[in-house]
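Asks: The lines below spell out each chain.
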Amino acid sequence: MRRETLKRHAPFVLSLIVGAAAWEIVGRHTSVAFMAPLSDTLARLWQLTRSGELPRQALSSAALFVTGLALAIVVGMPLGLLMARLKWLREALDVYVMVLYATPMVALIPFILSLMGFGFAPKVLVVFLFAVFPILYNTIEGARSIKPELIEVARSYRSREWALWREVMVPYTLPYTMTGIRQAIGRALVGMIAAEFFLSATGLGQLIMTATQSFDTAAVFAAILVIVAAGVGLMRLGRMLEARFAQWRT
Amino acid sequence: MSITASGIRRAAPAAAQGGHIVVRGLTKRYGALSVFEGVDLDVAEREIVALVGPSGCGKTTLLRCVDGLIPAEGAVLVDGEIVREPRPGIAMVFQHFGLFPWKTVYDNVAYGLRMAGVESAEIARRVPQFISLVGLAGFEKAYPYQLSGGMQQRCGLARALAVDPRVLLMDEPFAAVDAQTREILQFELLRIWERQPTTMLFVTHSIEEAVLMGDRVVVLKGRPSRIHEDITVDLPRPRSRATFTLPRFAELRERVWSTLMSEAKKAEFQVGP
Numbered sequence: 001m002r003r004e005t006l007k008r009h010a011p012f013v014l015s016l017i018v019g020a021a022a023w024e025i026v027g028r029h030t031s032v033a034f035m036a037p038l039s040d041t042l043a044r045l046w047q048l049t050r051s052g053e054l055p056r057q058a059l060s061s062a063a064l065f066v067t068g069l070a071l072a073i074v075v076g077m078p079l080g081l082l083m084a085r086l087k088w089l090r091e092a093l094d095v096y097v098m099v100l101y102a103t104p105m106v107a108l109i110p111f112i113l114s115l116m117g118f119g120f121a122p123k124v125l126v127v128f129l130f131a132v133f134p135i136l137y138n139t140i141e142g143a144r145s146i147k148p149e150l151i152e153v154a155r156s157y158r159s160r161e162w163a164l165w166r167e168v169m170v171p172y173t174l175p176y177t178m179t180g181i182r183q184a185i186g187r188a189l190v191g192m193i194a195a196e197f198f199l200s201a202t203g204l205g206q207l208i209m210t211a212t213q214s215f216d217t218a219a220v221f222a223a224i225l226v227i228v229a230a231g232v233g234l235m236r237l238g239r240m241l242e243a244r245f246a247q248w249r250t
Numbered sequence: 001m002s003i004t005a006s007g008i009r010r011a012a013p014a015a016a017q018g019g020h021i022v023v024r025g026l027t028k029r030y031g032a033l034s035v036f037e038g039v040d041l042d043v044a045e046r047e048i049v050a051l052v053g054p055s056g057c058g059k060t061t062l063l064r065c066v067d068g069l070i071p072a073e074g075a076v077l078v079d080g081e082i083v084r085e086p087r088p089g090i091a092m093v094f095q096h097f098g099l100f101p102w103k104t105v106y107d108n109v110a111y112g113l114r115m116a117g118v119e120s121a122e123i124a125r126r127v128p129q130f131i132s133l134v135g136l137a138g139f140e141k142a143y144p145y146q147l148s149g150g151m152q153q154r155c156g157l158a159r160a161l162a163v164d165p166r167v168l169l170m171d172e173p174f175a176a177v178d179a180q181t182r183e184i185l186q187f188e189l190l191r192i193w194e195r196q197p198t199t200m201l202f203v204t205h206s207i208e209e210a211v212l213m214g215d216r217v218v219v220l221k222g223r224p225s226r227i228h229e230d231i232t233v234d235l236p237r238p239r240s241r242a243t244f245t246l247p248r249f250a251e252l253r254e255r256v257w258s259t260l261m262s263e264a265k266k267a268e269f270q271v272g273p
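Respectively, the protein sequence lines represent chains A and B.
Just so we're aligned, residue 1 is where the first sequence starts under our numbering, counting upward by one.
Just so we're aligned, residue 1 is where the second sequence starts under our numbering, counting upward by one.
FYI, nobody ran anything at the bench for these hints, they're computed from the structure.
Since this is a predicted model, take the numbers as computed values, not measurements.
Worth double-checking, as some hints may not be accurate.
Unchecked claim - Here are the simulated lysine to aspartate or glutamate pairs, DMTMM-like style, with alpha carbons at most 20 Å apart: (1) A:K147 - B:D79; (2) B:K103 - A:D216; (3) A:K147 - B:D230; (4) A:K87 - A:E141; (5) B:K103 - A:E149.
Said to hold, decoys possible - Residues of chain A placed beyond 12 Å of chain B at every Cβ, according to the derived structure: (6) V232; (7) F245; (8) Q247.
Every residue, glycine too, gets a C-beta built ideally from N, C-alpha and C.
Using the sequences and the accompanying hints, generate a full structural model.
Replies: What follows is the structure, encoded as structure tokens:
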């Protein structure tokens, strides 16, 4: 039993070991200005955590990330359902959704800066813009794939519009929206760092920038490691929620 | 899977009787194409009328008009009230079952009651009764994909029966299940009907099923289709497997068959629309 588990996970574990070894070796043979070995990075990570610097900045970033993503969900899901339900709204807004989904959001940051300045709000807007479109897009696609027969069943049972949303549209679409949210998590992390770089420097973005300026490469990698871990963890959580809401699908 | 003794008990309080369907001059057009024209039909309280016709003759469309799901020219009245949209007391059973795949059997059966605004204590009382009436006790928490086609339609039937309808509209309810299951479900439906006779308009393409279920068999045919024959089925009730062996059953089946087939042949060789 244990042997088999070991065998199954061997490629994954082996790949991690090789990756860590490569990082360590390359790090030791490269200038500190470009790269820090894994051991130094982990040591610095521990140091930064002990001093309270890393938790403080991570918390600040998390607040930005959560606010932006939450707004994206709160706007993206209802708007997506509405666009699926109302043909005229879909036809009116479809083009903007497509254009904005395809726009590199980073390019909009200077514009947002000149419009809104350096506060918390413009940064939230950046995270929101990064995150909202996959949620919106997947929700529309999902809600539009509801079988018309099921809508007819609801009508036959004299469902009111609100009940149709609650009983049919939302539960059917939720797995699709969750897929969108999972994609949005990755984009929101990018948006978070971009906002912290280009608008007022705070959080992990600030930590990375100041560390870069003082050639503290180990701290840079430590911060990146934290972001990557958060990203992977959140995506996993997203996948779990997705499976939970898609239980009824075979 | 058969009806249990406890399930057979009257599951609902005495139904508010009624359920008299009147259809007058009903015509459905899609653009220039008429599906059916000038359909007049009466279904009395507690009567079962089977509606048969070749595929494409608009049986299902007619049923959807009676449910108020789609508009048509002419009039549909149930107990004297004009039907323009789905009305309370009229429940439909769908060929595709129409179950919500994200709801359990329990929640699917509760759906109609919830939409009708029945209070939750009453729902909690009635749903288990109807689940056991259709023989699904023990499957309350199952999702539709975990059930066979026959069991899914039992669930669809329970959902329709639970709202205590005056009129049941059956849209080829057993067409999507295998032959054996179909027979079992037919007799269970007949037994449920004997317990609580409800007006039924029963669309089917099976001649046997039409004769077995119906007090009358109405044949819809032609292009656009009209009611061509209205055959009274004078077979005794309650009907059972023994009904199939009656000489009269064979006679009636032949009569419906010949009415339908003369048309089917013509339609098959018809050129153009």
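Asks: Please confirm whether A:V232 is truly not at the interface, meaning its C-beta sits more than 12 Å away from all C-beta atoms of chain B.
Replies: Label holds. Min Cβ-Cβ 29 Å, cutoff 12 Å.
Asks: Is the straight-line distance between the alpha-carbon of B:K103 and that of A:D216 20 Å or less?
Replies: Violated, because 56 Å separates the two Cα atoms, which is more than 20 Å.
Asks: Hint check: A:K87 vs A:E141, CA-CA at most 20 Å. Holds or violated?
Replies: 13 Å, holds
Asks: Verify this label for me: A:F245 is non-interface relative to chain B, using a Cβ-Cβ cutoff of 12 Å.
Replies: Violated: least Cβ distance 9 Å, not greater than 12 Å.
Asks: Taking 20 Å as the top limit, are the C-alpha atoms of B:K103 and A:E149 close enough?
Replies: 16 Å, holds
Asks: Against chain B, does A:Q247 hold up as non-interface, every C-beta pair farther apart than 12 Å?
Replies: Violated: least Cβ distance 7 Å, not greater than 12 Å.
Asks: Going straight from one Cα to the other, do A:K147 and B:D230 come out at no more than 20 Å?
Replies: Cα-Cα ~35 Å, so violated.
Asks: Given the hinted pair A:K147 and B:D79, is their alpha-carbon gap at most 20 Å?
Replies: This hinted pair is violated, its Cα atoms lying about 32 Å apart.
Hint compliance for this structure: hints 1, 2, 3, 7 and 8 are broken, all remaining hints hold.
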